[in-house]
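For the record, the sequence lines run as chains A and B. Under this note's numbering, the first residue of the first sequence carries the number 1, and numbering increases by one thereafter. Under this note's numbering, the first residue of the second sequence carries the number 1, and numbering increases by one thereafter.
Quick caveat, the hints were computed from the structure, so don't treat them as lab data. It is possible that some hints are incorrect.
Listed next, the stretches of chain B that the computed footprint assigns to chain A, with coverage defined by at least 3 CB atoms under 8 Å from CB atoms of chain A [said to hold, decoys possible]:
no.: 1; segment: 104-110
no.: 2; segment: 288-299
Label pairs and their computed distance ranges (CB to CB) [to be verified]:
no.: 3; chain 1: A; residue 1: N46; chain 2: B; residue 2: N337; range: 39 to 45 Å
no.: 4; chain 1: B; residue 1: G119; chain 2: A; residue 2: S26; range: 36 to 42 Å
no.: 5; chain 1: A; residue 1: F45; chain 2: B; residue 2: T120; range: 40 to 46 Å
Looking from chain B toward chain A, a few residues come up when the C-beta cut is under 10 Å (computed) [as the list claims (entries may be wrong)]:
no.: 6; residue: F185
no.: 7; residue: E253
no.: 8; residue: G264
no.: 9; residue: S265
no.: 10; residue: R357
Note that the Cβ used here is the ideal one computed from N, Cα and C, for glycine as well.
Here are the chains, one letter per residue:
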Amino acid sequence: MANIRRKPTITSYVPGTILFLFALISIIITIGIAVILIRESYLFFNDPEVDLWGFLTGKQWQPMINKFGILPLLNATFTTSIIAMMLGIPVGLCVAVYLSEYASDKTRAILKPVLEVLAGIPTIVYGYFALTFMTPMLRGIFGEGVVEIYNTASAGLVIGILVLPMIATMAEDAIGSVPKELRLAAYALGGTKLETTFKVIIPAALSGLSATFLLSLSRAIGETMIVALAAGAGPKLTANPFEAAETITGYIVRISGGDVSYNSVDYNSIFALGLVLFVITFTLNLVSRKISQKFHQEYD
Amino acid sequence: MAWLKIIHFSFYRNTFLTFYIYRKCKTTSTEESMKKIVVLILTLLVISSLSAGGKQEASVTAANQDEKNLSWMEGPSVHGLPGVNPLKVTGNIITAGSSTVFPLSERMAERFKDEGYGGTITIDSIGSGAGFERFTVAGETDIANASRGIKQSEIEAAHEIGRDPIEFRVGTDALAVTVSKENTFLKNVTLEELAQIFGAAARWSDVNPDWPNQPIQRFIPGTDSGTFDYFAEEVFNKQVEPLLSASNVQLSEDDNILVQGIKGSPYAIGFFGYAYYAENADSLNIVAIEGVEASAENVDNNSYPLARPLYIYSDATILQNKPQVAAFINFYLSYVNEEVVDVGYFPANEEAIERGRAAWLKAMGL
């Protein structure tokens, strides 16, 4: 086939170059953040009261009185994130399947923008939604004696709602990129729509879907405003999601909101916690990229 | 468009913008979307540079207005201070500090504005310690609000940046220990019981066998708060360990979060400035300390054990260079007693306020 594209001129490189510079900025910012986090955390770990092993395994977190165990914060972070995933993944996946396999063009045209509106709500609004709607609802269901006013369950459920549009949109992309031949082959073998969807399409899209879930998990772990408002303001190591507990991000926002003194161990501790968060979410993002790359190779 | 997808993935922040770019790139041809993005970015750049230019102009005019002038001194003198005409006061005032003093300063600022002041007063409610930090180390604020006296170390820090803090007494707070209205067993505590409740005891029955066998849920002001310092000083002999290592303790610089938490359970307890109790008296009960209730009378005759002074701090150089700050503090000291009860605190005795007025006159060289 003859090449009918216009020969590239100098000006046609301009947009590419400009956009490359913008992409470069994002890389520089990422490196800058990592450098600052590492430098300030070094100050924290250099403090004679702090040792790395105690930091990773300690069961109490109160830097003011030299208790530096990250477990209570980490535990609360994972509690809220896992609850969020328990809501977000099944619902998000169902929405994605419905949108890509079942919905008529008309319902799609309504449902997609509504989902996008959900994605545009500021997280502070979600935070108050958790505090003034989700918590009273949970207390109504399970009893006021069981559910504390600040609790990780309420925050987790609302984070689940927050990541729902993200999961739905990206899962829909993953399902949509399954080759048409697979679908047709399944139908040709006599599969019903339901069988085709759940036995052929979803397994085929699984690596794309797992990448989606990992990314939304890292979003849930980093979520701040909702947990700061609804999850509680005191570090506590508990397995009960109806009790108050403070997450890593919740602690960071509480301490920095109070304008702590520079060079105090409280101040340096928030950078160490930031570094932990950075490592967790960075790893999750890398893993999900690896998974989705693998998935693209399979069908190319 | 693989890289755009990466950016979309890693910088997903729920914004319409990312969504817009991402979807556009997926649905339209590459070149067209490139053009659109370039136009979008250029528009953003133009808008941001325009707004930056606007800001610069504003700061220049503000600087002109900051020139020393005392034209605001008008009208009859009040309690020995020159009269203030807020209409003639210009320029902004920056204050930060105690969340206990915050409602009072906010009320005085509102009244100052109602009477004609056209500038902006920033009042950050960040805790006394943090307020002093901004006033004495960073030197960002004109006034520090505090629910405790300034420490020697903070005075020294201020000297290092050429500031000499002046103390103005503005009122008295009766620190309120409160429980939910649903709590039926706690009406009165001794200071020893208070130390157990906020310290080592895990359950109410550990403190007093007549009380329920339920975990104590504690809601206390954050460690940067003057209220926290004051409580540790009065109840725990300046020890903070017992307060912080207690189980089920939640800390916040935001007293409204504490109020919400205490309201939430009959087994919750907390403490904060009296004004926050007064504001929520329909859902909270205040606990008497050693049989003494927090009332104007008991605060006046010093029998309430947790009564404490409220202050604002500034500096002579600031007062002289920023007439708006001098005018505001003058206004504050002149009328605070008319507002303080309504805000939920108690008037300081006249002698203490008078010392502040004398300090103001001295700082202004009048």
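Does the beta carbon distance between F45 (chain A) and T120 (chain B) stay inside 40 to 46 Å, or does it fall outside? Since the Cβ atoms of F45 (chain A) and T120 (chain B) sit about 42 Å apart, the hinted range of 40 to 46 Å holds.
CB of N46 (chain A) to CB of N337 (chain B), is that within 39 to 45 Å? 51 Å, violated
Is the hint on F185 (chain B) kept, meaning its closest Cβ partner in chain A is under 10 Å away? Cβ of F185 (chain B) sits 16 Å from chain A, so the hint is violated.
The hint names S265 (chain B) as touching chain A; please verify it with the least Cβ-Cβ distance against 10 Å. 7 Å, holds
Quick check: the segment 104-110 of chain B, covered by chain A? Criterion 3+ residues, Cβ under 8 Å. Check failed, 0 qualifying residues.
Satisfaction of the hinted span 36 to 42 Å by the C-beta atoms belonging to G119 (chain B) and S26 (chain A): Distance hint for G119 (chain B), S26 (chain A) holds at roughly 39 Å.
Hey, does the G264 (chain B) contact hint survive, CB to chain A under 10 Å? With a closest approach of 3 Å, the G264 (chain B) hint holds.
Closer than 8 Å, Cβ to Cβ, for at least three residues: run that test on the segment 288-299 of chain B against chain A and report holds or violated. Answer violated; 0 residues pass the 8 Å Cβ test.
Does the nearest C-beta of chain A fall within a distance shorter than 10 Å of the C-beta of E253 (chain B)? Check passed: Cβ of E253 (chain B) comes within 4 Å of chain A, closer than 10 Å.
At a threshold of 10 Å, is the proposed contact between R357 (chain B) and chain A supported by beta-carbon distances? 30 Å, violated
Checked against the numbered hints given earlier, this structure breaks hints 1, 2, 3, 6, 10; the rest are met.
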